[in-house]
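Below are the chains, spelled out letter by letter.
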Amino acid sequence: MAQRGKDGRASDRAPGVILREPAVALDPRVRTLWLVENLIGTGLVAALVVAGAIVAAMLGAGTVAWLVGGIGALVVLVLAGLSFVAANLDYRHFRYEVADLGLYVAGGWLWRRYQVVPHARVQTVDTTSGPLMRALGLVSVEVRTASASGSTTIPGLTPDVADRLVEELARRAGIEEGT
Amino acid sequence: MSGSDRPAELEGRLHPLAVIIVARRFVGASLIPAFAVFLSAGTRVVVPALLLALFVGLPLAVLSWWRFHYRVAGGRLELRSGVLSRSVRTIPLERVRGIVVTEPFLHRLLGLVRVEVEAAAGGGSQSAEISLPAVSRVQAEVLREALLGAAPAEEEAKEPPPLYHATPGLLALGGVTSMSYLLAPAAIVGVMFNLADDLPGNVIERGADAAADRFPTDALGLALVGVAALAIVLAAAAAGSLLVDWDFTLRDEGERLAAARGLLTRRLAHLDRERIRGIDVRDTPLRRPLGLASASAIAAGVGGTVLAPVLRQEEVPALLRSVDAAAADPSTLLVAHPPPARSRRFVRALAVPIVVLVVLAAFAIVWAVALAFVLAALAALLALDRYRQLGHLFDGRRLVLQEGSLRRRWSELDPRAVVSFELRSSPGQRRAGVATLTVHLGQGAGSRRALDLGEGQAAALLDRVGPELFAPVLPAASQPPPAARSR
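One line per chain: the protein sequences are A and B, in this order.
Just so we're aligned, residue 1 is where the first sequence starts under our numbering, counting upward by one.
Just so we're aligned, residue 1001 is where the second sequence starts under our numbering, counting upward by one.
It is possible that part of the hints are untrue.
[To be verified] Residues on chain B that point at chain A, a partial pick, calculated with CB under 7 Å: (1) L1384; (2) D1385; (3) L1423; (4) R1424; (5) G1442.
It should be emphasised that the hints constitute simulated quantities derived from the structure, not laboratory data.
Where a beta carbon is used, it is the ideal one built from N, C-alpha and C, also for glycine.
Take these sequences, add in the hints, and give me the full structure.
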């Protein structure tokens, strides 16, 4: 602990790193989940582009229709590509770890976010899973603190991993089992 | 403190004079329509309309008073009300977070008070509120005792000197220097409406309309209007501050603090000491040279509670210590944030003005370019001060975070009250080697942050604030990450 310099500069910290990566990754299937979610968003944009182009064409503005369609198609292609990249990068960067005193969660690849939630501050631990998550056999664990903004979610775990995590977090937080 | 010494049962209605309060609201609401009816239809309609109001409105008010019941029994507060549709609201006593006793002007004439019960909602951060529009002072005291389980305050007997008391001169100065009229004109509008609420008719609206008709258009006229407007704004700010915080008195009542304030409407709020998570001390560029500041408690359930609307800087440490024995000293120098934080302030402040400047220069609009240049220069000064004010400190017991320029906020908080720590970094921040640390306080107390903290500073600060908590994740802790990975 004493080896770090007063301003921290003396340490062997790599630039951009303040806290070490938590140990545990999510289930790889979460990539599929995020990919599908991203593609749904991309699909909505695509639908908007098509609708815009059709409206422009119906109003007799052929050039505008081509312009909208062309630029829109490009945007949709880029978004679709990003969907794959983002799903993979998000997966690679989302990690969590349960330690003695707190839960550590790290996520995000462009905007990095580290959260440290002391176990003593956890109020409830829930599992949720939407239809898409159920289809993939995934659940997410929500850790709620007394503050909405301080709460955190660990998405995309297999049910047994999630159950063990919930049990451990609840035990450490001193919350009784059940609802 | 627990349920045992609470009176078992308590039941009652609003004070009979509450009918007048209800009737006044009815009169206030119907004044403009009544005036319109008077203008359009003359006296022949007005008399029957008044009679109708009297014969329908008054019994309705009496009936609603009759139906309004409150009851404290079996660990619950129960409120029954409603004439046509009845409602019953129940709040378990352990959810009651506090009680605010207000004395609006009419209430004071009648010797009544309004009691608002703040309660935690089931979900978490939001809170529910129950209002008893008019009860007698004695009733309010008994209710407070029943709901909070506290012994009634010994009135005026052997009170210790207050922790803080506002003098009119200080309040007026505080109003002028608050600068809230620049940052939040809504606050002034709010005060005006508050005042308008106590005035008959719509004096302020009509005044505004009349003023709009006589607006001058020449340069001298505009300048005069500008000076007059400034004078009026400052006078209104001083008046607003006097009106809202008149005779502001903060008292120590052992387990809780009691703050009373207000000229026409007197408010008495109680704050449990155990809900206090920290203290904010705020000031503005106008207050800093005068050595003035304001202090408020960061409290669970209610967010910010004002401890002192304006006080001299040399009085701040004593006030802080009387609220939080381990409070940090505001005069301690803070650790400055690294130079990239300054560049980032400049980029944020100047990006828009410079783009505007370039566009205006391209169109060669000379006066607009000059104006944009002045604005950009002001923005740069502001950015520089915003950087200078950034700072953090951990004195072993309290975490101190400071930011802001026009509204500088120095916050001290107990790290043990922190619900979660959050470090965020954007790509730009990582390139500059800085990150933003946010500490969440929970239960509506909000969060405080250290903006653009150096990465090394962040690690060092976390290490000091929570050595055991952060040891496993600080990279210098030589432990390699355990190999346990989920498949």
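Against the structure, the hints:
1. L1384: 22 Å, violated
2. D1385: 24 Å, violated
3. L1423: Since chain A brings a Cβ to about 4 Å from L1423(B), closer than 7 Å, the hint holds.
4. R1424: 5 Å, holds
5. G1442: At 3 Å from the nearest chain A Cβ, G1442(B) passes the 7 Å test, so the hint holds.
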